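Asks: The chain contents come next:
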Amino acid sequence: MSSADERIAANVAQWTKTNREFTDRDAERKWRDPQIYWGEFGTRDEWLGDVAGLDVVELGAGTAYFSAKLARAGARPVAVDPTPAQLDTARRLQRETGLEFPLVEAPAEHVPLPDSSFDLAISEYGASLWADPERWLAEAARLLRPGGRLLFLTMSTLAHLCTPDADDEPIVNRLVRPQFAPWETHWEGYGGAEFHLSHGDWIRLLRRNGFAIDALHELQAPSEATTHPYYLVIPADWARKWPGEDLWECTRTR
Amino acid sequence: MHEDSIAANIADWTQANAEHTDASAEKAWAHPGILWGVFAIPEEQVGALPESLEGLDVVELGCGTAYFGSWLQRRGAHVTGVDPTPAQLETARRLMTKTGIEFPLVEAPGEAVPLPDASYDLAVSEYGASLWADPFRWVPEAARLLRPGGRLVFLVNSTLVYLTAPEAEEEMVGTELLREQFGMYRVQWGGAVGVEFHLAHGDWISLLRENGFEIEALHELRPQPGAVDPTYYDFVTVEWAEQWPAEEIWVARKS
Numbered sequence: 001m002s003s004a005d006e007r008i009a010a011n012v013a014q015w016t017k018t019n020r021e022f023t024d025r026d027a028e029r030k031w032r033d034p035q036i037y038w039g040e041f042g043t044r045d046e047w048l049g050d051v052a053g054l055d056v057v058e059l060g061a062g063t064a065y066f067s068a069k070l071a072r073a074g075a076r077p078v079a080v081d082p083t084p085a086q087l088d089t090a091r092r093l094q095r096e097t098g099l100e101f102p103l104v105e106a107p108a109e110h111v112p113l114p115d116s117s118f119d120l121a122i123s124e125y126g127a128s129l130w131a132d133p134e135r136w137l138a139e140a141a142r143l144l145r146p147g148g149r150l151l152f153l154t155m156s157t158l159a160h161l162c163t164p165d166a167d168d169e170p171i172v173n174r175l176v177r178p179q180f181a182p183w184e185t186h187w188e189g190y191g192g193a194e195f196h197l198s199h200g201d202w203i204r205l206l207r208r209n210g211f212a213i214d215a216l217h218e219l220q221a222p223s224e225a226t227t228h229p230y231y232l233v234i235p236a237d238w239a240r241k242w243p244g245e246d247l248w249e250c251t252r253t254r
Numbered sequence: 001m002h003e004d005s006i007a008a009n010i011a012d013w014t015q016a017n018a019e020h021t022d023a024s025a026e027k028a029w030a031h032p033g034i035l036w037g038v039f040a041i042p043e044e045q046v047g048a049l050p051e052s053l054e055g056l057d058v059v060e061l062g063c064g065t066a067y068f069g070s071w072l073q074r075r076g077a078h079v080t081g082v083d084p085t086p087a088q089l090e091t092a093r094r095l096m097t098k099t100g101i102e103f104p105l106v107e108a109p110g111e112a113v114p115l116p117d118a119s120y121d122l123a124v125s126e127y128g129a130s131l132w133a134d135p136f137r138w139v140p141e142a143a144r145l146l147r148p149g150g151r152l153v154f155l156v157n158s159t160l161v162y163l164t165a166p167e168a169e170e171e172m173v174g175t176e177l178l179r180e181q182f183g184m185y186r187v188q189w190g191g192a193v194g195v196e197f198h199l200a201h202g203d204w205i206s207l208l209r210e211n212g213f214e215i216e217a218l219h220e221l222r223p224q225p226g227a228v229d230p231t232y233y234d235f236v237t238v239e240w241a242e243q244w245p246a247e248e249i250w251v252a253r254k255s
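Protein chains in written order, with this note's numbering: chain Z, 1 to 254; chain H, 1 to 255.
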């Protein structure tokens, strides 16, 4: 296996474990709630606009709760994820809720779907954090029609710079790792790999793949938000002072 | 509300010119390259400006002693330097006489520039209006001055410097996050006369987009090997700036 295949396999193993521990039991609540939120702090969507009738691809969908919400709002989603266990959970919820849409088992680095066939590409803590950005952004550009939009949320650059090495330690009020560093990050006690880019690097890659930058929403945790009970990484208090999550909004221009 | 920062910054830069920028201007004007920021990073390493400057109409907003403008003028651009501080413009005029590199200088703040609409191909600001003028006023001015397709290129301190800079102006940035990011905008450091303006990346993108700019690049600068710690503008060390960007350059194109 290539190192990229090994990394994808490690992320699949990690998310199989996470699904057993958390995302499987958390999926039903999220599937049944029609409100669209972004990120760990339940930030209400203000950016998608009317999705009715749009062809949407979700890259790194996990249990596909985001796609389910879009389907409820009248979109035609296709959810893509490399982890069979999470797609099993999504299938179970499809039967239970009657919200049916295609589920495709694939990493975002290589999506077996046709060119120029979507109006909107989404990734909320999916490909945006766990796939190689050089490859998944090229795939997102290929999948979108000209004028199609890409919205993705990932951990903020600043939160990453303030994250200690151990997987289970929350972030601190201090820069503990350099920004000038490789994007690919491996954590002690965590099998997979993450990709953390600076804002300048995101802009460069997005532009190179034919995207115009419409907005960077540096999300502030709502006043009533609490620290996520399973992920724990970003304390809600921290995320009220500094952005814990970045939401990029882009348009494919060519 | 706004005019007080302009007056404070003229006072600040009149003092800085007496202490430093007047004496250092001749060396800066004489430099053969185009350099960015306190670590003097060569433009060839950054690629923020158009490849050819020949024949371009350029406005520099907050030019100080106009050394940056002089570098562009020498490469064939038609530069106009704009700055609100008379003392720094006098220094610039002295260097023009000395070097024979001549271009118009206009005494005005970046917030209100007495120059015509759509008359420039490039607007630049290197630690000028970019840091000491109110962005909600100078960015609309840059948009007004540029022709369609024109570029805006400006250097500012990084958001990380804003977050980690101690309150006292003379202390160095560290690693502790000393202030919140949400709400960042207007800052007067302890002991400072002048007023600075700092925006988060998301807010810069929003402001540029609202003024008709497309975002082309954000260059987060890292010092070259062999860079030395700044002496007069001594807010950051090479050691810090090798790990995190202390300065960043935005490139935007007017659509």
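Treat the hints as calculated values from the structure; they're not laboratory data. All figures in this text were calculated on a predicted structure; none of them were measured in a lab. Heads up, some of the hints might be wrong.
To be verified - Examples of chain Z residues lying across from chain H (beta carbon under 10 Å, computed):
(1) Gln-14
(2) Tyr-190
(3) Asp-214
(4) Ala-215
To be verified - Here are some of the chain H residues that sit facing chain Z, going by a computed Cβ distance under 8 Å:
(5) Phe-136
(6) Thr-164
(7) Pro-166
(8) Phe-182
(9) Arg-186
(10) Ala-200
(11) Gly-212
(12) Glu-214
(13) Glu-216
(14) Ala-217
(15) Glu-220
(16) Glu-242
Said to hold, decoys possible - Simulated restraints on C-beta separations:
(17) Z:Pro-114 - H:Glu-51: 55 to 65 Å
(18) Z:Ala-106 - H:Glu-171: 47 to 57 Å
(19) Z:Thr-97 - H:Pro-166: 32 to 42 Å
Heads up, the beta-carbon is just placed ideally off N, CA and C, and yes, glycines get one too.
Asks: What hint numbers does the structure not satisfy?
Replies: 1, 2, 5, 7, 9, 11, 17, 19
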